[in-house]
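Trainee: Just so you know, the protein sequences line up as chains Y and R, in that order. Quick note, the first sequence lines up with residues 12 to 207 if you use our numbering. Quick note, the second sequence lines up with residues 12 to 207 if you use our numbering.
It cannot be assumed that every hint is accurate.
Since copy identity is lost for identical chains, a pair holds within one copy or between any two.
Stated by the list, open to error - Computed cross-link-like contacts, DSS-like style, restricted to lysine-lysine with a CA-CA straight-line distance of at most 25 Å:
1) K89 - K188
2) K178 - K88
3) K100 - K63
4) K62 - K100
5) K81 - K120
6) K76 - K134
7) K120 - K76
8) K89 - K120
9) K109 - K81
10) K63 - K131
11) K178 - K188
12) K88 - K188
13) K188 - K131
14) K165 - K76
15) K178 - K109
16) K89 - K76
17) K88 - K76
18) K134 - K89
19) K188 - K81
20) K100 - K89
Simulated from the structure, these hints should not be mistaken for laboratory data. Here the structure is a predicted model, which means the values were calculated and not measured.
There are 2 protein chains.
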Amino acid sequence: MAFHYPNGKPFHDQPRRDLPLNYGNRGMTLEEDLNATNLFYREHGIAVIHKKPTPVQIVRVDYPKRSAAKITEAYFKKPSTTDYNGVYKGKYIDFEAKETQNPTALPLKNFHPHQIEHMKAVKAHGGIVFIIVKFTTDNDIFLLDAEVLFEYWKESLNGGRKSIPKKTFYNEGALIKIGYAPRIPYLEVVEAHYLI
Amino acid sequence: MAFHYPNGKPFHDQPRRDLPLNYGNRGMTLEEDLNATNLFYREHGIAVIHKKPTPVQIVRVDYPKRSAAKITEAYFKKPSTTDYNGVYKGKYIDFEAKETQNPTALPLKNFHPHQIEHMKAVKAHGGIVFIIVKFTTDNDIFLLDAEVLFEYWKESLNGGRKSIPKKTFYNEGALIKIGYAPRIPYLEVVEAHYLI
């Protein structure tokens, strides 16, 4: 089947649907696969989406002679935003990616309250915002709109369950078919769910 | 004069145009002023724009008992994107901010080739992309569309001048009036130049 990107560009690097189902299980993390996917999207002129650098609180920097500045004391900071953002067809795209070893649900403790607030604000300003979640026991990768996350988050604050069942990902999200290039073609889902 | 934000919201925290002209010169860097501005925009529901974390290559991390992980060796990486991005009225916003002590021009060595490529890609995908430049000798702050930067960049690669004259900022950019809240109301310029 001829496959074209939604922007009309032919898709030269055909996703290899004939790969074994456990293709994703070669020690690649979701982050590595998403970085490769975003690189593919950038290099093929499809979208400009980057992972943000890990936020670090720098405390001490040495300046050795004739060498580059060396950070000798720093600490990880809690992110106040999501990890990935960028632009696709003029639209602002924003998402968070999570892996879980839990086979049946995504625990909500994977998110910080600040990230939820950030995602809500992005939604309010007309951005496209979602989560990409990998269940590592069977390598299923889903895209789920942030509104669904907000509902479960609210429920959990009111004493409800503290996780999103995998069933919800099947029913309200979209299973992303793992490919070869790009590895995680999530923009096909974005195209179908947000832009058409 | 009653002042309303382009989204119709009244502007409760009136920028104080009556402040002395050297208001900006109180030891605040452009980055600090932009961070305060973006915080104002977020807290007032006007836009969601953040500075990206400084990219750092982490080499060694210690895990002291009962304490937070401590990064003991890391190096600064060259940024491959711009420093600021986010969403305003559903539009993807992307910009780089630079200060210069040069009173008459902005040297192009302030930019990395990767950043220029990034800005070109953002433009190609329908994002709004510009630079905010502060001439510290007189605290003039300008917004200049990235296209103008691209022209000078190209000229410099062909043996032309290696800087953008301040005159060009006056003629083709927009002088941003420094305020109190927000300090650098650059979205007024974005509204006028890109969205109307």
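Trainee: So, for every hint listed, does it hold in this structure?
Mentor: Status of the hints after comparison with the structure:
1. With identical chains, the CA atoms of K89 and K188 are never at most 25 Å apart, being 31 Å at best within one copy and 34 Å at best between copies.
2. With identical chains, the CA atoms of K178 and K88 are never at most 25 Å apart, being 33 Å at best within one copy and 41 Å at best between copies.
3. In this assembly of identical chains, the alpha carbons of K100 and K63 lie at most 25 Å apart whether taken from the same copy (20 Å) or from different copies (22 Å).
4. With identical chains, the CA atoms of K62 and K100 are at most 25 Å apart both within one copy (18 Å) and between copies (22 Å).
5. In this homomeric assembly, K81 and K120 come within 25 Å of each other (Cα to Cα) only across copies, at 23 Å, whereas the closest approach inside a single copy is 34 Å.
6. For a Cα distance limit of 25 Å, the shortest separation of K76 from K134 qualifies neither inside one copy, at 48 Å, nor across copies, at 40 Å.
7. Only between protomers do K120 and K76 lie at most 25 Å apart by alpha-carbon distance; the minimum there is 23 Å, versus 45 Å within a single protomer.
8. Taking the closest pair of Cα atoms, K89 and K120 come within 25 Å of each other only inside a single copy of the chain (13 Å); across copies the shortest separation is 33 Å, beyond that limit.
9. For a Cα distance limit of 25 Å, the shortest separation of K109 from K81 across copies, 23 Å, qualifies, whereas the shortest one inside one copy, 31 Å, does not.
10. For the identical chains of this complex, K63 and K131 are neighbours both inside a copy (19 Å) and across copies (19 Å), given an alpha-carbon limit of 25 Å.
11. Taking identical chains as interchangeable, the C-alpha atoms of K178 and K188 lie at most 25 Å apart only when both belong to the same chain, with a minimum of 17 Å there against 53 Å between chains.
12. Taking the closest pair of Cα atoms, K88 and K188 never come within 25 Å of each other, the shortest separation being 33 Å inside a single copy and 34 Å across copies.
13. For a Cα distance limit of 25 Å, the shortest separation of K188 from K131 qualifies neither inside one copy, at 27 Å, nor across copies, at 31 Å.
14. Taking CA atoms no more than 25 Å apart as the test, K165 paired with K76 passes in neither setting, with 54 Å inside one copy and 35 Å between copies.
15. In the homo-oligomer, the alpha carbons of K178 and K109 lie at most 25 Å apart inside one protomer (17 Å), although the nearest pairing across protomers, at 49 Å, exceeds that limit.
16. For the identical chains of this complex, K89 and K76 are inter-copy neighbours only, at 20 Å across copies versus 33 Å inside a copy, given an alpha-carbon limit of 25 Å.
17. For the homomeric pair K88 and K76, the shortest alpha-carbon distance between copies (18 Å) is at most 25 Å, but the shortest distance inside one copy (29 Å) is not.
18. For a Cα distance limit of 25 Å, the shortest separation of K134 from K89 inside one copy, 21 Å, qualifies, whereas the shortest one across copies, 31 Å, does not.
19. In the homo-oligomer, the alpha carbons of K188 and K81 never lie at most 25 Å apart, since the shortest distance is 42 Å inside one protomer and 38 Å across protomers.
20. Taking CA atoms no more than 25 Å apart as the test, K100 paired with K89 passes in neither setting, with 30 Å inside one copy and 27 Å between copies.
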